[in-house]
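Trainee: The lines below spell out each chain.
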Amino acid sequence: MTGILQQLINGISLGSIYALIALGYTMVYGIIKLINFAHGDIYMIGAFLGYYFINEYQLSFLPALLLAMIISAFLGVVIEFLAYRPLRNSARITVLITAIGVSFLIENVMIKLFTANSRAFPQAIEQQKFTFGSLQVSNYQLIIIVTTLILMTLLQFIVQKTKMGKAMRAVSVDTDAAMLMGINVNLTISFTFAIGSALAAAGGVLIGLYYNSIDPMMGVVPGLKAFIAAVLGGIGLIPGAVVGGLFIGIMETVVSALGFSVFKDAFVYGILIIILLIKPSGLLGKNVKEKV
Amino acid sequence: MALLEIKSLTKNFGGLAAVSNVDLYLEEQELVGLIGPNGAGKTTLFNLLTGVYEPSEGEVNFQGERLNGKKPFVIANKGLSRTFQNIRLFRELTVLDNVLIAMNNRYKEGLFTSILRLPKFYKVEASMKEEALSLLQIFELDGKNEELAKNLSYGEQRRLEIVRALATKPKILFLDEPAAGMNPQETADLTALIRKIQKEFAITVLLIEHDMSLVMDVCERIYVLEYGQLIAHGTPDEIKVNPKVIQAYLGGEV
Amino acid sequence: MKLVNRHTFAWLIVIVISFLAIEGLVSVGILDVFYEMALVQIGINIILGIGLNLIIGVSGQFSLGHAGFMAIGAYSVGIVYLDNPTVTGFFLGVLLGLVLSGVVALLIGIPTLRLKGDYLAIATLGVSEIIRIAITNMKITNGAAGISGIPLFDAIPMRQLVFIFVVIVTIIVVNYVRSSDGRATLSIRENEIAAESMGINTTKYKVMAFVIGAMTASIAGGLYASYFNTIVPTNFNFMKSVDILIIVVFGGIGSFTGTFVAALVLGILNTLLQDVSDLRMIIYSLALIIIMIFKPSGLLGTKEFSFSKLFSKKIKKAKKGGSTDGSVRN
Numbered sequence: 001m002t003g004i005l006q007q008l009i010n011g012i013s014l015g016s017i018y019a020l021i022a023l024g025y026t027m028v029y030g031i032i033k034l035i036n037f038a039h040g041d042i043y044m045i046g047a048f049l050g051y052y053f054i055n056e057y058q059l060s061f062l063p064a065l066l067l068a069m070i071i072s073a074f075l076g077v078v079i080e081f082l083a084y085r086p087l088r089n090s091a092r093i094t095v096l097i098t099a100i101g102v103s104f105l106i107e108n109v110m111i112k113l114f115t116a117n118s119r120a121f122p123q124a125i126e127q128q129k130f131t132f133g134s135l136q137v138s139n140y141q142l143i144i145i146v147t148t149l150i151l152m153t154l155l156q157f158i159v160q161k162t163k164m165g166k167a168m169r170a171v172s173v174d175t176d177a178a179m180l181m182g183i184n185v186n187l188t189i190s191f192t193f194a195i196g197s198a199l200a201a202a203g204g205v206l207i208g209l210y211y212n213s214i215d216p217m218m219g220v221v222p223g224l225k226a227f228i229a230a231v232l233g234g235i236g237l238i239p240g241a242v243v244g245g246l247f248i249g250i251m252e253t254v255v256s257a258l259g260f261s262v263f264k265d266a267f268v269y270g271i272l273i274i275i276l277l278i279k280p281s282g283l284l285g286k287n288v289k290e291k292v
Numbered sequence: 293m294a295l296l297e298i299k300s301l302t303k304n305f306g307g308l309a310a311v312s313n314v315d316l317y318l319e320e321q322e323l324v325g326l327i328g329p330n331g332a333g334k335t336t337l338f339n340l341l342t343g344v345y346e347p348s349e350g351e352v353n354f355q356g357e358r359l360n361g362k363k364p365f366v367i368a369n370k371g372l373s374r375t376f377q378n379i380r381l382f383r384e385l386t387v388l389d390n391v392l393i394a395m396n397n398r399y400k401e402g403l404f405t406s407i408l409r410l411p412k413f414y415k416v417e418a419s420m421k422e423e424a425l426s427l428l429q430i431f432e433l434d435g436k437n438e439e440l441a442k443n444l445s446y447g448e449q450r451r452l453e454i455v456r457a458l459a460t461k462p463k464i465l466f467l468d469e470p471a472a473g474m475n476p477q478e479t480a481d482l483t484a485l486i487r488k489i490q491k492e493f494a495i496t497v498l499l500i501e502h503d504m505s506l507v508m509d510v511c512e513r514i515y516v517l518e519y520g521q522l523i524a525h526g527t528p529d530e531i532k533v534n535p536k537v538i539q540a541y542l543g544g545e546v
Numbered sequence: 547m548k549l550v551n552r553h554t555f556a557w558l559i560v561i562v563i564s565f566l567a568i569e570g571l572v573s574v575g576i577l578d579v580f581y582e583m584a585l586v587q588i589g590i591n592i593i594l595g596i597g598l599n600l601i602i603g604v605s606g607q608f609s610l611g612h613a614g615f616m617a618i619g620a621y622s623v624g625i626v627y628l629d630n631p632t633v634t635g636f637f638l639g640v641l642l643g644l645v646l647s648g649v650v651a652l653l654i655g656i657p658t659l660r661l662k663g664d665y666l667a668i669a670t671l672g673v674s675e676i677i678r679i680a681i682t683n684m685k686i687t688n689g690a691a692g693i694s695g696i697p698l699f700d701a702i703p704m705r706q707l708v709f710i711f712v713v714i715v716t717i718i719v720v721n722y723v724r725s726s727d728g729r730a731t732l733s734i735r736e737n738e739i740a741a742e743s744m745g746i747n748t749t750k751y752k753v754m755a756f757v758i759g760a761m762t763a764s765i766a767g768g769l770y771a772s773y774f775n776t777i778v779p780t781n782f783n784f785m786k787s788v789d790i791l792i793i794v795v796f797g798g799i800g801s802f803t804g805t806f807v808a809a810l811v812l813g814i815l816n817t818l819l820q821d822v823s824d825l826r827m828i829i830y831s832l833a834l835i836i837i838m839i840f841k842p843s844g845l846l847g848t849k850e851f852s853f854s855k856l857f858s859k860k861i862k863k864a865k866k867g868g869s870t871d872g873s874v875r876n
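Protein chains in written order, with our numbering: chain H, 1 to 292; chain C, 293 to 546; chain P, 547 to 876.
I should point out that these hints are in silico values taken from the structure, not numbers from a laboratory.
The C-beta atom is built at its ideal place from N, Cα and C for all residues, glycine as well.
Careful: at least some of the hints might be erroneous.
[Stated by the list, open to error] Some chain P residues judged to face chain H by a derived CB distance under 10 angstroms, without partners named:
hint, residue
1, V673
2, G692
3, P842
Could you put together the complete structure from these sequences and hints?
Mentor: Here it is, written out as structure tokens:
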């Protein structure tokens with residue numbers, strides 16, 4: 001029993017990170033129907049920024065996290081402005097290739113600057129382990145879960161209660177109609193990229209702390225999995241990204257704990273395909289049929 | 293037995309019955325109209341008959357064979373063809389290709405014959421092209437066969453949709469608002485054309501149309517749908533004086 | 547009929563001339579081992595691109611899992627050819643790859659090709675990753691360490707073998723696309739609902755395109771295995787699928803001429819950038835972004851080079867030069 005509970009805690013910690021990245025994917029997809037392949041790299045940039053602020057400027061964890069989020073948000077906006085905005089009316093596959101190009105570019109610039117080697121993330125907070133019977137929880141896991149909860153509540157507030165959130169929802173339903181209603185679509189899209197990137201950066205800093213190791217290619221696999229999480233939960237839906245992220249995180253840890261760790265990715269993809277076949281719109285999505 | 297018989301056909305979307313309990317029949321070589329206010333369920337009925345939607349209840353029988361639940365391409369190959377209200381041409385392909393695609397199932401080239409370019413391939417291609425061009429000629433589109441479908445004018449696109457539907461060699465042709473967006477002159481031309489198609493190809497035509505004069509002019513019988521239900525059925529003269537129809541269209545005033 | 551023969555003949559000449567040109571350049575030493583390697587890679591990429599373009603450009607189905615089928619072909623040749631290092635052994639390996647990839651594509655295609663757009667992309671990505679993980683964990687494929695010491699095909703030089711396969715695959719795919727079946731497949735890309743209503747069995751043609759594409763990828767994989775002697779599962783990861791996708795989009799989705807041009811341009815770009823290896827990927831990705839922004843439809847859009855069009859244009863010009871005949875209506 002405690003074994004299951006332990007895996008659940010580990011799974012939720014990992015799943016929270018996936019959820020943070022998945023949120024950016026899902027919001028961007030919801031608003032401009034783009035699989036933003038560079039999103040995983042923003043997560044990596046976030047981790048490197050955190051590393052930099054803590055190591056070079058001796059900042060403590062929280063300011064480093066916030067600064068990493070702010071700078072990544074800015075980077076996300078710049079990427080959208082330079083690479084995706086000129087392609088607003090192009091075929092979606094073209095934008096997708098551009099996103100892949102941006103992803104390659106970020107990775108390789110980082111490799112050029114920092115080499116491909118992984119480096120140790122500074123222990124800005126000393127690791128502590130709490131034991132409850134045979135159950136073990138580290139303060140890192142608690143930090144991850146609490147930070148994720150705070151950020152998601154904040155996001156929920158922004159999307160549901162603010163004017164910008166309303167604009168985001170409007171643009172994602174119908175861009176043209178939103179524009180006709182006087183919504184500044186470009187600004188809304190920039191804002192979406194900013195928020196998504198900030199969340200991914202937070203995920204990066206948290207994972208740096210948790211796994212204690214970062215490298216320029218660290219965003220590729222989690223990025224892909226976070227995208228799968230978004231699809232699994234129902235792409236374009238904010239709660240879907242959270243559900244999908246936690247689902248994948250928990251499943252991975254459980255599959256690993258059962259001794260199939262080499263197949264954990266295969267499990268993730270397998271479940272994804274099965275869910276897509278049964279319900280293409282994801283766990284929380286609604287099926288929409290094309291009108292004839 | 294009628295060519296096509298529809299018994300108590302119903303389609304529910306969630307709680308809404310878009311088409312409910314519709315009975316309808318089409319005889320061979322008839323020209324029948326289907327009218328009704330916007331949102332009455334006319335296009336939904338077409339979608340049910342051509343397999344795009346599956347009926348919730350009721351049955352569709354074509355030459356004594358049940359069509360419910362069959363896929364659209366199966367139904368099309370049995371001889372039920374259609375046009376679309378919101379033109380659905382293969383836009384990036386040529387006019388000729390649009391027609392050739394609809395003939396795909398009547399001509400068999402064979403995988404290896406076409407990959408190896410055996411003489412049979414050229415023979416089949418040539419006869420397909422010949423038939424397609426003669427169809428295009430009837431609709432005065434033969435000068436445009438190398439143009440992309442998207443570059444045709446609106447009226448030409450509507451005509452191409454009809455040619456494409458005819459290229460499947462249908463026994464029944466469903467026309468979904470073929471005159472939509474046309475000016476009176478174009479509508480008049482189209483009226484003549486629909487008559488001509490029905491005679492020359494000896495097929496049954498079911499026509500959805502908003503243009504009353506067109507429907508009254510060409511149709512032998514007319515069905516009237518309102519809120520998914522049939523409210524009237526009869527000859528144009530009967531329909532013209534049917535109080536229910538007048539109410540549906542004019543909202544009570546005579 | 548005469549026109550047909552003429553353009554077939556023209557293509558034959560093109561094939562022979564390019565073959566002779568490559569051989570000539572090799573024999574005078576301009577194409578050294580280094581460039582020959584680039585050439586073989588370009589050839590393999592052309593085969594991969596042609597197959598993926600059939601799936602994406604013609605049937606309009608977005609697959610992100612092409613590398614999985616390449617892996618099946620590579621491992622088939624790797625295992626069989628290593629065990630039986632003869633010409634027969636090589637072709638048995640290729641055959642095994644064709645059958646396996648065809649069967650896998652069929653089994654996967656039937657359920658997944660119901661999905662649309664990005665959903666299909668992510669499902670095919672999942673499938674190819676599952677294939678790769680399976681290979682990583684199987685005994686016969688030697689797990690993550692991969693297979694090394696695969697013999698180099700030596701009955702004829704590898705560049706010639708690849709050349710022959712490029713020609714065969716291109717002819718098969720292009721002839722397929724320009725047939726009744728190919729038009730039916732194109733109609734799915736254009737408007738699936740209309741295609742279905744015109745009597746096209748869309749599932750059948752989607753699966754056909756997917757299976758043919760997968761089989762061509764397995765050929766490319768087989769050639770790759772023999773040429774590079776060593777294969778590991780990570781050769782066939784998601785990045786490889788992306789590489790192939792880039793060739794297709796860069797050349798112009800739906801244009802096979804474009805696939806050839808893109809594979810060549812990108813191959814040459816890669817080779818030229820070899821000297822600045824640490825900047826290579828940065829320049830490559832920047833080039834990709836810039837080209838996509840300024841030429842979103844790819845180098846050639848959907849245009850194809852065609853001798854028959856070239857000839858008929860000439861005929862038209864000749865006619866225009868003469869008197870206007872009565873063929874123009876109204």
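Trainee: Work down the list of hints and note, for each, if the structure agrees.
Mentor: Verification of the hints:
no., hint, result
1, V673, "holds, 7 angstroms"
2, G692, "violated, 15 angstroms"
3, P842, "holds, 4 angstroms"
Comparing the model with each numbered hint stated earlier shows that hint 2 is the single one that does not hold.
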